[in-house]
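Undergrad: Okay, here's what each chain looks like letter by letter:
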Amino acid sequence: MSSTITGLPPDPILERRELIQLRASQTIARRTMVSRVITALLWVGLVIALIPLGSVVLALLDKGVRFLGWSFLTALPQLPNLASLNDIGGIGNAVVATLVIDALAGLVAVPIGVVVGLYLAEGSSRPANFLRTVVEIMTGMPSILLGVFAYEYFVVTMKSYSGIAAVIALSMLMVPVIAKAAELAFTAVPRSLREAALALGARESRVARQVVFPSALPGVLTGVLLALARAVGETAPVLLVVGPTISNLWNWNPLKPMTPMPMLIFGYANSQYPSQRAAAWGVALTLVALVVILTTSSRLISARMRRERHS
Amino acid sequence: MTIPSPVSDRPLKSDVAERIRRSATSDRPFRYVLRTTAALFGAVIVLFVWSIVKTAWPAITSNGIHLITGRTWIAGSGPYGALPLILDTLSTTAIALIFAVPVGLASAMALQFQVPQRLRGPLASLIELLAAVPSVVYGLWGIAVMVPFFINTLEPFLSHLTGSSWPFNGPQDGFSILLAGMVLSIMILPTIVAVSRDVIATVPIEVVEGALSLGATRGQVFSKVIIPTARTGLLGAIVLGTGRALGETIAVAMVIGSNAQLPHSLFSSGATLASIIAVEFGNSVGSEGSALAALALILMVITGLVNWGARALTRRAAIR
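Just so you know, the protein sequences line up as chains X and H, in that order.
Reading the first sequence from the start, the letters are residues 1 to 311 in this note's numbering.
Reading the second sequence from the start, the letters are residues 1001 to 1320 in this note's numbering.
No lab work stands behind these hints: they were computed from the structure.
Note that CB positions come from ideal geometry on N, CA and C, so glycine has one too.
Be aware that a few hints might be false.
Stated by the list, open to error - Computed spacing ranges between beta-carbons, pair by pair:
#1 X:Ala-303 / H:Asp-1173: 21 to 31 Å
#2 H:Thr-1153 / X:Gly-69: 46 to 56 Å
#3 X:Thr-296 / H:Gly-1309: 25 to 35 Å
#4 H:Val-1049 / X:Ser-124: 40 to 50 Å
#5 X:Thr-27 / H:Arg-1118: 48 to 58 Å
#6 X:Gly-69 / H:Pro-1171: 52 to 62 Å
#7 X:Ser-25 / H:Ser-1223: 58 to 68 Å
#8 X:Ser-71 / H:Lys-1054: 13 to 23 Å
#9 X:Ser-71 / H:Val-1145: 45 to 55 Å
#10 X:Pro-214 / H:Arg-1035: 40 to 50 Å
#11 X:Ala-24 / H:Asn-1152: 47 to 57 Å
#12 H:Val-1207 / X:Ser-124: 27 to 37 Å
#13 X:Gln-210 / H:Thr-1061: 23 to 33 Å
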């Protein structure tokens, strides 16, 4: 397509512009069509994604809400019998087991996670880089593997299923999550702040305690809450080590078998009694509510942190 | 009149000198605590890997390569062949990805660019919340909601559509590889959406505006600007989802039907590497415990590699 005006030297730039404009006007109808199709497909994708996810939420609310109540959360479970087929009691001992196991796992994992995070944030020496890789790979490690580990070292040596074996498995799941969040939070503390403190003659431990730590605290807390949210709902490692039977008795002693809530859902979901299968939704809703409280507070803290940093 | 000094009249000089002298020497405890804890954590990880290798060793030596290529798994006495389990793990993950990748990427783009501002926050929170829902709840949902749907609607429909030909033949009882794959895809969907939305958000707005100002349509901006720019990070999001699907245990164990035979079709029941450990470990007898630990080792190697890849990809995306 060359210029039609004769006698003038061809101007490559003008030619190019005409060409582009011509092509653009020729193809605009097709491009608009294609664009509409792509946009429509994106909407379709979002709707397809929301259908099953919405169904999960609806099923939880629809089948779970009628169980919620003080007696459900605090009473002991009851095996269905002929006299009262639908009275399954409560889940008090499972709530206790969940609280005991996850509180202990937190007690073990938080200090180790925070210190490992501090170590990772301090430098990029070769051991630190190696540990960083290990932490990141451990974050995605299937949790069942930690169950196998806890079984080999605790259930086998103690010759008994126990809550404490679950504590070990869960704390090993939590440490990488906390360490990662803590490392990010510690490295986000401005260097100038630390150097100012060091220049004033403060020792490193004191800088860590009084300067780095307070300013990184919200970030660390976010990680701790996320790790707890993950640990509370974890089923696979717990299933291997807390004992095969569903307990119907109060037990505060983590050295003995326990039945935390995820384990109870798993047991009830496969139960032969319809009433227990129905009650699984009550336990599931309780557990999801707990997880939602933990993740939401974590998000609130990090949102507030972001606001403060920008202001 | 004397101006009061803002600095206290303590003898600063000697205090500073004292501190400098001490700081050079007495911070060792702090360093020790840091290093010891880090080393302790590293040691526990080594112990973790070691314990699984050690438990798996008898099964590895007695089964050899048949552990990976063998087709039969007989609990208690052996032989232990994990080929069906490996195939089921790969096929459920593949089904999950076929569904979750296009839907997840489309939803991430729609959330970022199409959904009105007012709805964006709530929808994003809902999806992030679903990423945190415990997998046992997805398993429960699979049993109570999806199994009836499969038996009454999807399986008859698919087998009618294809004239009961492979891979849509076989028992129509809900619990199947197909169902496990679908439940997995729904579980990894929130992860893929959340991570790829973060990645898409890092595409510089100048690039998008530049393309628009040159007359590109919305569709062209999506397909020719945003996806190519965010390619590496999006791939990282997908690999992250893959890792989660490969290692998912409880939800799969609840809906796959636990059967260590070679699968015949998508409607067959099956068992994945992770799900069979969860189901069998508690009541394993004889040499099966060791064989299950060997499965754990295979799973550890596969997911370790996948997560390492995801990390390399997302890191490269972050640097760019």
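Undergrad: Hint by hint, note whether the structure agrees.
TA: Verification of the hints:
1. X:Ala-303 / H:Asp-1173: 21 to 31 Å: Given a distance of about 46 Å, which is not inside 21 to 31 Å, the answer is violated.
2. H:Thr-1153 / X:Gly-69: 46 to 56 Å: Since the Cβ atoms of H:Thr-1153 and X:Gly-69 sit about 35 Å apart, the hinted range of 46 to 56 Å is violated.
3. X:Thr-296 / H:Gly-1309: 25 to 35 Å: At roughly 32 Å between Cβ atoms, H:Gly-1309 and X:Thr-296 fall inside 25 to 35 Å, so the hint holds.
4. H:Val-1049 / X:Ser-124: 40 to 50 Å: violated (24 Å)
5. X:Thr-27 / H:Arg-1118: 48 to 58 Å: Between X:Thr-27 and H:Arg-1118, where Cβ atoms are some 35 Å apart, the hint is violated.
6. X:Gly-69 / H:Pro-1171: 52 to 62 Å: violated (41 Å)
7. X:Ser-25 / H:Ser-1223: 58 to 68 Å: Once the Cβ atoms are compared, 21 Å apart, the range 58 to 68 Å for H:Ser-1223 and X:Ser-25 is violated.
8. X:Ser-71 / H:Lys-1054: 13 to 23 Å: Violated, at about 48 Å.
9. X:Ser-71 / H:Val-1145: 45 to 55 Å: violated (27 Å)
10. X:Pro-214 / H:Arg-1035: 40 to 50 Å: violated (23 Å)
11. X:Ala-24 / H:Asn-1152: 47 to 57 Å: At 52 Å between Cβs, range holds.
12. H:Val-1207 / X:Ser-124: 27 to 37 Å: With a Cβ separation near 32 Å, H:Val-1207 and X:Ser-124 satisfy 27 to 37 Å, so the hint holds.
13. X:Gln-210 / H:Thr-1061: 23 to 33 Å: Hint violated: Cβ distance 56 Å, outside 23 to 33 Å.
Comparing the model with each numbered hint stated earlier shows that hints 1, 2, 4, 5, 6, 7, 8, 9, 10, 13 do not hold.
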